[in-house]
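Which chain is which? The protein sequence lines are A and B, in order.
If you're matching positions, the first sequence starts at 333 in this note's numbering and goes up one per residue.
If you're matching positions, the second sequence starts at 908 in this note's numbering and goes up one per residue.
In case anyone wonders, no lab produced these hints; they're calculated from the structure.
Owing to the predicted nature of the structure, the values given are computational and were not obtained by experimental measurement.
The beta-carbon is built from N, C-alpha and C at its ideal position, and this holds for glycine as well.
Cβ pair distances, simulated, as ranges: (1) A:421 - B:1335: 41 to 47 Å; (2) B:1350 - A:519: 41 to 47 Å; (3) B:932 - A:519: 16 to 22 Å; (4) A:363 - B:936: 38 to 44 Å; (5) A:450 - B:932: 46 to 52 Å; (6) B:1056 - A:360: 26 to 32 Å; (7) B:1185 - A:452: 24 to 30 Å; (8) B:1387 - A:452: 44 to 50 Å; (9) A:381 - B:1185: 41 to 47 Å; (10) B:1320 - A:519: 43 to 49 Å; (11) B:1134 - A:356: 28 to 34 Å; (12) B:940 - A:435: 56 to 62 Å; (13) B:1328 - A:360: 51 to 57 Å.
The lines below spell out each chain.
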Amino acid sequence: MIYPLAHLLGGLVLLCAFSLLSQRRLAAMISIYQAEALILSAAAAWQGYAQHEFNLYLTSAITLVIKAGIAPIALRRIVHNFNFFRAVETVMPVGLSMILGVGLIGVAVLVVLPTTMNSVGLTREDLAISLSVVLLGLLVMTTRRNAVSQVIGFLSTENGLVLAAIGMPGMPFVAELSVALLVLMAFMVVGVFLLRIREHFDTLDLSGIEEIERRGR
Amino acid sequence: MNFLLVALGFAAPTAAFLPLLAAPFIGFFGKPMHGAFANVGLCFVVFALTFGVFKSPGGGLIHADQLGMIFGALTSFVALSTSLTNIGFVRSEFSRMSVRRWRVYHAMCQVMLGTTILGLYADNIGMLWVAVEGATISATLGVSLPRTATALEAGWKYFVLGGVGIALALFGTMLTYLAAQPVLGPGLKAMSFIALEVNAAHLDGSLMTLAFVFLLFGYGTKSALVPLHGWLPDAYAEGPIPLTATLSGLMLNVALLALLRFRHLMQANFLAHGGALRPGPFLDSLGLASLLLVAFSLWRRRDARRFFGFSSIENSGIAVFAFGVGGPVAIFAGLLHMILHSLVKSALFQALTRAAAMRGGAGPHQYGFSHLRGMMASNKFLAWLLVGCVFFLTGLPPSGLFATEFLIISQTIQRVPILSLPLGAGLLLCAIAIIRQAGPLGFAPPPQNTRPAKAGRLLGFVYLHLALVVTLAFAMPPLLFAALSNIAMGLQ
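Let the hints inform the model, and build the full structure from the sequences given.
Structural data, given as structure tokens:
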């Protein structure tokens, strides 16, 4: 009972991570990221139930509220405020990056499964899936030019890390580590915001922005 | 008296958490000068505490081993001397940033100090990771503080590269836990360095190898090894120097020591036929790549901060190379090299900040070699300090780096003879490049309209760094020698 559901949720996270590669519009990327975070939250709750671990419920709640709630809203705000509705530039054709993605998943499976012969089956496969998600997130970061889509790639990488952490049997500090990752994420989103402001107004001094507001854009 | 003893018992956690707890207060209240003085006070308390740690190393999650103690003392010493010259920095740069940004700057100095010490004292691989993450965030905030376009870009670059590095390191940390969990059982024990070292032979070797690759690239990013070094020169060149160059230079040590400890786990597992690969070649190749890249790119630098940033990459590379060569002598030399390099580099950056202030402030383009050359005409006291630091950095005697580099080369000839030629060539090229490029800082015709200026009283403190560099290498205190050899024997 534990196996199929945990695998199903892990597989869905992987599917989301993979389909991030194929999306060229930021709004769609954010939606997929949101779905990924939702599934991750469900996976954490399920592992918490299976391992009887309160920490994992906490991780699930944090993921649900912040990653699936607040972060997508903030990202949509950025997209809306700065008019990013057009398709984002990619470094290589989408087809090629998807082929690379498949290759990365293959690498992850081939690396993880033989090295974890002694571990429990559930952990092994969970680890293979989460390593794939991590690598796919990094691939998204390298194939996109736009800062927001790079951040989404990084957030997807983070989801992979949390997925790995909740699959580790009895790992301490899972909730704490995911909070630490969240802090990083928060700074990244704020960072994008600041970068965008700079590109639009050539300064980050809020006084300058007020000046522009007064004069009218 | 009793109270003091109790306080001493918590020296290790206090030294790490006091700066972190004080940071918000500094970040929200006070004028820039208040922040600078608060920094000095806190650094002094932490300095005293890190010596208390030698008496009581703490326990549980924050349990300093000898390695942590020595580097903790080094960190707090450098932080103290930086905070003293920082007063002059704030005074000369006062008008360049708003009060709010100065507050953030001083708070980030404390966060950086606290996380560095936490990373050194942590006996838990998760705690170590959190410390490195916190330091990365504070450093990025610091780099982007000047709010110029280039500073923001440098900050973003640091953030993206550092973030990826941190993500990889976390994955490696979890894999290490997974490798240890069958032996040490689920729970905190499988994340403790002490327990891991005792049981290194029984860990799952193939999983450890996989973990080590992630940790190498994760913490390798933080210690600026080629090809993961891209963030460092930018970060050094764009941010306020005392925070982003001097204090965050100390963070390199944390990442390097993490690599050393994980390397030891791998090596012990390999020697016990646990299935792990030998970590030496990984470290050797990254270290040598760093050294050689720097040896060729030093020649083309025009900006002093970027130049010395590259030299930090070189020294990270040398230390990692020494760890890769292995054996007690090479590890001893690598550790001593890290200590001495931290002392020289922090002294150098303090002198450089003062020099730039003399030539009209530390603005974006104030650190060009052409702008700073001929400091002898401005102030002899400062110029000799600068020349001394540059000369010590080349690794020629009487610099202590001569002794450590000599040891590393001789060990390389003994253990991996094939690498000794590129190593020697790299070191030589770097030394020549440093003399050629940075020598004119002291003895060259100065730019026009240069007038003599005052050096400031606190700069004398920086000479202490150079004295320490000579003493520690050629007249090493027996206690330190015993401690370092002990560590090197344990980690070989």
